[in-house]
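Protein chains: 4
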Amino acid sequence: MASSRRRFLMHAAAMGGAALARPSAAFAGPAPASTTPAFSPPELLRRHAANARAAAVATQSPTPDDARYLAMYRDRRNWGRWGDDDQVGALNLITAEKRAAAAGLVQSGRTISLSRIFEPPQHFMTKSELGGGGGFVMDYLGFIYHGSTVTHIDALCHIWDGDGMWQGRDPDVEITTQGAHFGDITHWSSGVITKGILIDVPRHRGEPHVTPDRPVQGTELDAIANAQGVSVEPGDALLVHSGWESYTASGDDGSQGRPGLHPSCAEFIRDHDVALLGWDLMDARMGASQLPWPVHGVLFNFGVALLDNARLEPIAAACAEEGRHEFMFMLLPLNVARGTGSPANPIAMF
Amino acid sequence: MASSRRRFLMHAAAMGGAALARPSAAFAGPAPASTTPAFSPPELLRRHAANARAAAVATQSPTPDDARYLAMYRDRRNWGRWGDDDQVGALNLITAEKRAAAAGLVQSGRTISLSRIFEPPQHFMTKSELGGGGGFVMDYLGFIYHGSTVTHIDALCHIWDGDGMWQGRDPDVEITTQGAHFGDITHWSSGVITKGILIDVPRHRGEPHVTPDRPVQGTELDAIANAQGVSVEPGDALLVHSGWESYTASGDDGSQGRPGLHPSCAEFIRDHDVALLGWDLMDARMGASQLPWPVHGVLFNFGVALLDNARLEPIAAACAEEGRHEFMFMLLPLNVARGTGSPANPIAMF
Amino acid sequence: MASSRRRFLMHAAAMGGAALARPSAAFAGPAPASTTPAFSPPELLRRHAANARAAAVATQSPTPDDARYLAMYRDRRNWGRWGDDDQVGALNLITAEKRAAAAGLVQSGRTISLSRIFEPPQHFMTKSELGGGGGFVMDYLGFIYHGSTVTHIDALCHIWDGDGMWQGRDPDVEITTQGAHFGDITHWSSGVITKGILIDVPRHRGEPHVTPDRPVQGTELDAIANAQGVSVEPGDALLVHSGWESYTASGDDGSQGRPGLHPSCAEFIRDHDVALLGWDLMDARMGASQLPWPVHGVLFNFGVALLDNARLEPIAAACAEEGRHEFMFMLLPLNVARGTGSPANPIAMF
Amino acid sequence: MASSRRRFLMHAAAMGGAALARPSAAFAGPAPASTTPAFSPPELLRRHAANARAAAVATQSPTPDDARYLAMYRDRRNWGRWGDDDQVGALNLITAEKRAAAAGLVQSGRTISLSRIFEPPQHFMTKSELGGGGGFVMDYLGFIYHGSTVTHIDALCHIWDGDGMWQGRDPDVEITTQGAHFGDITHWSSGVITKGILIDVPRHRGEPHVTPDRPVQGTELDAIANAQGVSVEPGDALLVHSGWESYTASGDDGSQGRPGLHPSCAEFIRDHDVALLGWDLMDARMGASQLPWPVHGVLFNFGVALLDNARLEPIAAACAEEGRHEFMFMLLPLNVARGTGSPANPIAMF
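Chains as they are written, first to last, in this note's numbering: chain A, 1 to 350; chain B, 1 to 350; chain C, 1 to 350; chain D, 1 to 350.
Calculated from the structure, these hints are not laboratory results.
Please read these numbers as outputs of a predicted model, since none were measured by experiment.
Check before you lean on any hint, since a few could be wrong.
No distinction is drawn between identical chains; accordingly, a pair holds when it is met within one copy or between any pair of copies.
[Stated by the list, open to error] Straight-line alpha carbon distances no greater than 20 Å define the calculated EDC-like cross-link-like pairs of lysine to aspartate or glutamate that follow:
(1) 127 - 273
(2) 127 - 172
(3) 98 - 233
(4) 98 - 271
Given only the sequences and the hints, what does the whole structure look like? Please build it.
Here's what the structure looks like:
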């Protein structure tokens, strides 16, 4: 493990957690809720830097909650669980048997895409004519898929905290301008095919979308799963519908925080050995919390794949129609050498 | 249909086909067999233009074979078969029942990726530090996936001949610098999930790879399917293994033509109502043929999806091990607005 | 000339100009004043389309001013002035003698850059190590320079109206996905080196910047030139300082129109045979005008090069210090094959 | 200075230079002579890596020449000469007086571009229609300009050896994925305007181009300058014509080395305090030399700007016609924030 990077949480541990004096800069990750359909990298990076600076200025005593979840992440890490050099993470829980069982869930063959429309910021055509009126067109795509717009999967290498990346690796060693040399997306090239479960928070609450003042709690996931009659088991893909379409249409300006999942959901995910978390609204941001990766932390601490910016309203509607909330889930990441993730078009099949 | 674009094949018809005097420039499509792992658009376009010019210069009397397959394409088009405005094509043959039956093929849950490693020509990292040693990395991908390198699916709009695009649409109207306005990849956003069949030509021939002097024939597909004990049915995904890895390692310089599929395979595909053709070596190029789209023509004439540059050696090996040549096939194209196709990581599951 | 494209202004002529019933959609060109430091093409295109639609909806009777300037452009075009196939335009006015005379203006050798900082939306590093601690870094730049951010020069092919491009050429023929085949930037590869004149509107008005309600008039350019003691002569580069820095800092929301140059400036430019217009705020937008290219029209009608988004505050300050408003002007466009312009770093030397 | 990076040349010094046991991997810089008009970054990087590995394998005793030039670079560095934090380098030698004197060289106003045609690997068009037949076209450019194709200038930060970058700075600190934080191209934003001198090696030798077996020597530069009647003075731009067009047309396969400049030219450059070196063929590669940066070393050791891939045949022909080999030289780099250089279209004016 990266000994030089451990000072942050080691310090937290030495201080008993609750006494943590200067937590890492509060930062919600590369995925602020936004309706902006496209962004340029410099703009994004500037926004990130500004957020981080603002947070650093505002740093004060950490909340007891912060200390609790930092300790939870530290104490329950999956580092080493599948071998010290493992780069597959919680997707190890999806065995061949698990995949075959997922296929066994299929009844009608109805499919629902979980992807938003993808509009790459650079999308250009080149058309060529052949003789006799024939021809062809090719398109150039250029994009950063991370952020809060494009439906994509995060590879294990995507984020880290003061203790390091997945397995405690050092990002200064593993990430160069040439790419990610540990935990890149090619380790998931055989796809994520497993049982999918949809947790429909708005329908359960009877509200159009999750609100900033009331993040989704881990206990709520339990309650909704029970109400829906589904059981979250090891290796499952957990999809939490928070109502992104409705929230973005509401015109909320974010000044009261961002709606999404509370860190207690990370505990639920670890308790049930979930393999993949899919969501339409990501980590909730509210109150005095200074956690850098409130729920995103499941990625590098537990090895859980993240499906960001999933389009979950259609699958939620379909589950309601079908009267069932589990299905065969398929996500086939592009096999990008040294890549930090992949845009994706995940499919649910009933 | 695009009346102004019909002169080429209409002329061919008037001349009785065999008398066709000036066929379209011979052109093998945007996918010359090559081991080059990456290319830049101008280079590709220059190569294409040079090929097209060379062919135009060399134009002479068409072969009887050319006339036969031009007539075959013209006479058996699927334009209008699923309605005049249909943009789904032969994927209409993949019904919900067909998908459910494909899932029913799953026994062990073993999965095999059909994708090559993807190395985008533009692949760059941006790394950002947060406080306390935390941080994240994002990558920028820039690429044209068409060509002979990247595993990808062609959308219906990708190519055309003198009669027009799929359904006879006019490419001058439907394709602008803003993208494809008919037959784009979003029409296949619910994925291609169906029964997959692997036709293993090298194993059947007892040779490491298909050679330029002996393209794969439609009758051979029949013979191999029979020998393998599989039946090609409407809506199936047909994967033809020609031995790309072995061929590219052989150092063949292409001067004797390119190995691949003979136009008679297009007839087989139409006879069996195949929904998708996947291949590792594409249209064969040899002899005096001047056909612009020898087998690629199944795309805009029949509405058959093309999976170009599939990696088929591992699935061929797995089929031999498993003693079965059919499986659940999954290909989930990125949902790119106005896109002409998508890079892909298709998966076969036993 | 492109006969099929002439209906718009021909119609205007037949109607006597003032009776013009349906002018082209009002559109300010690809350069709305903005403080946004970077943009993605889809966003820009959407904005443009929205502008154009809004304008089309609002179309009503054209103002007498519109009719006057449409007639002015039509009647005073430079098409054919330097030969029917000329692709150099008003830069023909910059003779070798003119350049030599410009060099003769140099006294102190003081230089001022007229370029803003350039932050390409795609700007990525690749660093490679050699043995012994050596290495090198290369950067990838990806950008569209047109718009209101990047300092750049427009080539003759960049814009057109219903009568066509420069020389009346048809954009449907001359512009393909492969590039511009007439009037591209390579025709200006020997650089724009001439006498430069700075017209300092804010200093003359005694105000920090031009305001939306009071665009810069052609007569005002005359008055300022006289007051500054300079004479605008054929082949000169005319730089009009409107106070971009101050305007963007003012927080004006654009609801009362955009400050900039009135179409009467186009008449001034034609009267004096200016070769290049450089500006920091572009075409003014106000009132009921429906002109698509109020001042941008000098590009394709007169063949005058446009230097958009120049940084003119420093040169304005230097002119005030030096007590002279003319200098040697240098702009050396990148020699981009088939390009529609070039980012630039123009230099003024005293 | 970067103490941790000095081991390579410090070791060389301790060993007396001639006893240097393991020099840095031989590497010719990012600019192997090539006729390839465009390249993709991964391809380039792979080629570089292969070169570097091949060289590392071949490492043996350094030649006496290697030792001599390593010592020359070390002993005559300009680090600190213009202050410890200076980021302008030898361009400090181009004073305002020097620029004014360069303008004073202008007689006829004849201009010659020193740029090759620029074909960006990513060059795409987006065309938009307005009402009434009007419209506009914008192009997207994407490229890495470093390498042996594009005419460009290297910023001070571009390369380094074991002792560090310009001024001894540490590339691990100064170069991040966000860009170059020391010695970037913006420090040269006021342009490189000075006296230019053309050294025409092929005409002097009476041969069409420099050959691999006979690199250009520093003493030869002296001899040619004398024969041409020019004097190389502090702050000059030195352009060395080696006959790139003729060499690339010759079909030489590079197996006998690459033609270009011998490290003794670096000594000449330092002796005469040249500010910029422009060349069409770069560092010669031949024999047993293991120098990583034979002549490129003038960049980070002396602070001399490099103009790579200049097109020098036209200016050589013009100098012969004019009977003079000095002129006003202008190079105006794009003002790219944190950039490692810039593509350029330098101009010579007589």
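Do the hints match the structure? See the list:
Taking the shortest Cα distances, residue 127 and residue 273 never come within 20 Å of each other, neither inside one copy (49 Å) nor across copies (30 Å). With identical chains, the CA atoms of residue 127 and residue 172 are at most 20 Å apart between copies only, with a shortest distance of 10 Å across copies and 42 Å within one. Taking CA atoms no more than 20 Å apart as the test, residue 98 paired with residue 233 passes inside one copy only; the shortest distance there is 10 Å, against 29 Å between copies. In the homo-oligomer, the alpha carbons of residue 98 and residue 271 lie at most 20 Å apart inside one protomer (18 Å), although the nearest pairing across protomers, at 37 Å, exceeds that limit.
When the structure is compared with the earlier hints, a violation turns up for hint 1 alone.
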